[in-house]
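Please build the complex by placing chain H on the supplied structure of chain F, with the hints as guidance.
So the sequence lines, in the order shown, correspond to chains F and H.
Going by the working numbering, the first residue of the first sequence is number 1, and it counts up by one from there.
Going by the working numbering, the first residue of the second sequence is number 1001, and it counts up by one from there.
No wet-lab data here; the hints were simulated from the structure.
No incorrect hints appear here.
Below, simulated DSS-like cross-link-like pairs (lysine-lysine); rule was C-alpha separation at most 25 Å, straight line:
(1) F/K63 to H/K1178
(2) H/K1256 to H/K1221
(3) H/K1178 to F/K40
(4) H/K1134 to H/K1178
(5) H/K1221 to H/K1233
(6) H/K1135 to H/K1178
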Amino acid sequence: MRTLFFLAAISSFCAPSFALYAKQVPLGGPGHSNGSLPTKRIGIVGLGAGGISYIRALGVLPKHMRENWDIVAFDERHSVGGLWVPDDHPPPPPGLPATPLYPHLRTNGPHPFITLPNTPLPPNSPLLAPRATVLEYWQGAFNSASLNHTQILLKHSVTSAKWIGSPQTGFWRVRARDMERNTTKFFVFNHLLVAPGVNRFPRTITFPGQDSWVAAGKLVTHCMWYRGPNDFMGKTVLVLGGGPSGFDMARLLIESDSTRKASLLAACQDLVLTFQ
Amino acid sequence: MPPGVVEVPRLLNLHDGIATLVNGTALPEVDYILLATGYDTRVPFLTSGGFLDELDTDQQPTDRLSTNSRYIHPLFEHTIALDSRYPVGALYFNSILLYNPTGTTNFAQALFAAYTIADPSLLATREALLAAMKKREELVLNEAGIAASRYGHRVDQGYGQLQGFQADGPFQDLLVHKLRDNGFAGYPGIPEVGFNYTETWRLYLMLKSFDVLEGWHVGLKELGDEWETEFIKGQRSEADYLDTTRRLVEWWTAYKKRRDE
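Excised from the complex, chain F in its bound form:
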């Protein structure tokens, strides 16, 4: 009964959309009842490669297995494609780029290795595929998914999710901000499918004496802001980190003529090395 009371209380002050959804929400937990499948409300947060995979997988389910399901998918960006959607003029720190993607980025392995099953890249794509090719690939994968009754909410930032209920039964109460209209909307889901990606929040390290470094007019930046070698004109660069990013940063800088000397590469304390 506490659950029912909460629903009533919320719908009295929330966006109209909530009241609409509240009627459709089964209060029981996931499960069969009398052999028939209950209506389900599913929320997908993030429409990069992860969220698009959710859309495709839900779309291949035989229709009788997903009858009367309602699906809402959110993404902050203006387009699906996640980190492959460019943000070539990111704000300086403490602002965050929407993606670490830089213009000359290619896949860091052969593309047939990273594609969806039975879905190759377009003909004549270089084995290390350029960013535009990969973005088109995932957008194509999204557009060709056969999922009806799906509401796609771009430019919507999910700001909070709370489980309302018990360990056995309940629902997710999700708050999202419509970034264009600057309004808040509420949603209710039985299942929450989260695809946040792993390149959103840079891991920075502060070294002893860094204040004196900055005071001397020297620079330290995370590679999430890297957009090309021009920022490094005349600099001698120490790249910290031997993972795929460190490898590519070092390669791009050494191949450009903008650095005064060889850039150097150091393995950082905390990093699990991938490439020797």
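Same frame as chain F, but now just chain H:
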């Protein structure tokens, strides 16, 4: 390392505005530090709702979902949240893996979510899934030599042959084969009994991935766009692309041999 890059030991400090390495070497000429130190695994909207604690310790509880910025715990196979406050199947994760074959792993996790939502009887109890998670974390520790909470969401150690040596197959097969072996063989996206989700050729590509990365960039740099265009001409199918990879690996092996002579 890319040719021309000087590899140096770790950075120790920046005292007096000078970069000093752990071996005591000072590098006064360095005036720009570029951190390629990775990313924190955070999901702020879950944290703000009280459903993903951000912890400073690797000692993560098993009844509440948390992140130590590298590892979200407790998750069954990096996919299903095992927080005790809601039922198994209420919260799924995708796209938090590192160094993974994106398409096949994401789609395997997504298939697992879709089919288990449609048929929740596919899911074991929270206790059973927690036990399976603990077993997996032990395998990761044994193979990688690093605790799972530090190693993060990686599936290259602690899984089957070609992605580790102690379990029964690559991560993505493990998830999809649970569906295949529980009544969904031959369903859309799921292989028939006796067939694997991951194609053998994709595993070959995984092993050659770094050769392609190195070789392709060298080819591009030294032989230019025409070399690339020639290499990929007429490529359409997965089989064509596999053939291109084989030719590239042969070319790169011969190139390195010539270079070393």
